[in-house]
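Please model the complete structure; the sequences and the hints are all you need to start from.
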Amino acid sequence: MSDFTDDELWNASLRGRAMASPPERLRAALQQAEGYRNFLTTLTGLLTVIFVLKGQENLSKMTTGPRWWVIGLLAGAFLLLLAASWMMVSAVHERPDEEVLTDAEYLLNYERERAVTVRRTTGWARWMGLVGVLAVSAASLVTWIFPGPVS
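Under our numbering, residue 153 is the last one in the sequence shown; the count climbs by one each step, no gaps.
There may be inaccurate statements among the hints.
Claimed, not checked - Pair by pair, the computed Cβ-Cβ distance ranges are:
1. Ala77 with Ile147: 31 to 37 Å
2. Asp8 with Ala106: 28 to 34 Å
3. Thr7 with Leu81: 39 to 45 Å
4. Ala22 with Trp129: 24 to 30 Å
5. Leu11 with Glu96: 35 to 41 Å
6. Met21 with Glu107: 19 to 25 Å
7. Val118 with Ser4: 33 to 39 Å
8. Gly74 with Arg114: 38 to 44 Å
9. Ile147 with Leu81: 21 to 27 Å
10. Val118 with Phe41: 17 to 23 Å
Don't read these hints as lab results, they were simulated from the structure.
The beta-carbon is built from N, C-alpha and C at its ideal position, and this holds for glycine as well.
And the structure:
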């Protein structure tokens, strides 16, 4: 015995089939990528503020080893966050000159393949963003743990 009427089940079935269609899957993937892109932008800005406010003002006071660790971590984080941001932009927006043909079968294949590409790119960018965030956090921790000689 079901908690739902036949009409409710029929409508839910129609919605499920519509959600599984290539255009809807592409739309959902693009919305998700847009959300992750906005999150990555916000997180990068917050981390920059935290590092600037809480980190060492002058890395030259640190001993050589920890100083190079901080520089390496920050450079790596910058490259990872830059690449992740670029990937998210390219996931959401295609090249301006990209031509989409109007053939129905081509369009459905394009939507299916584009949704897969967007999901894959978003997944990679999420992991790169996470590693970038952890690298910035580690750099900040190194400046707190090894601040250099006390004058």
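Need the list of violated hint numbers for this structure, in ascending order.
The structure breaks hints 1 and 3; every other hint is satisfied.
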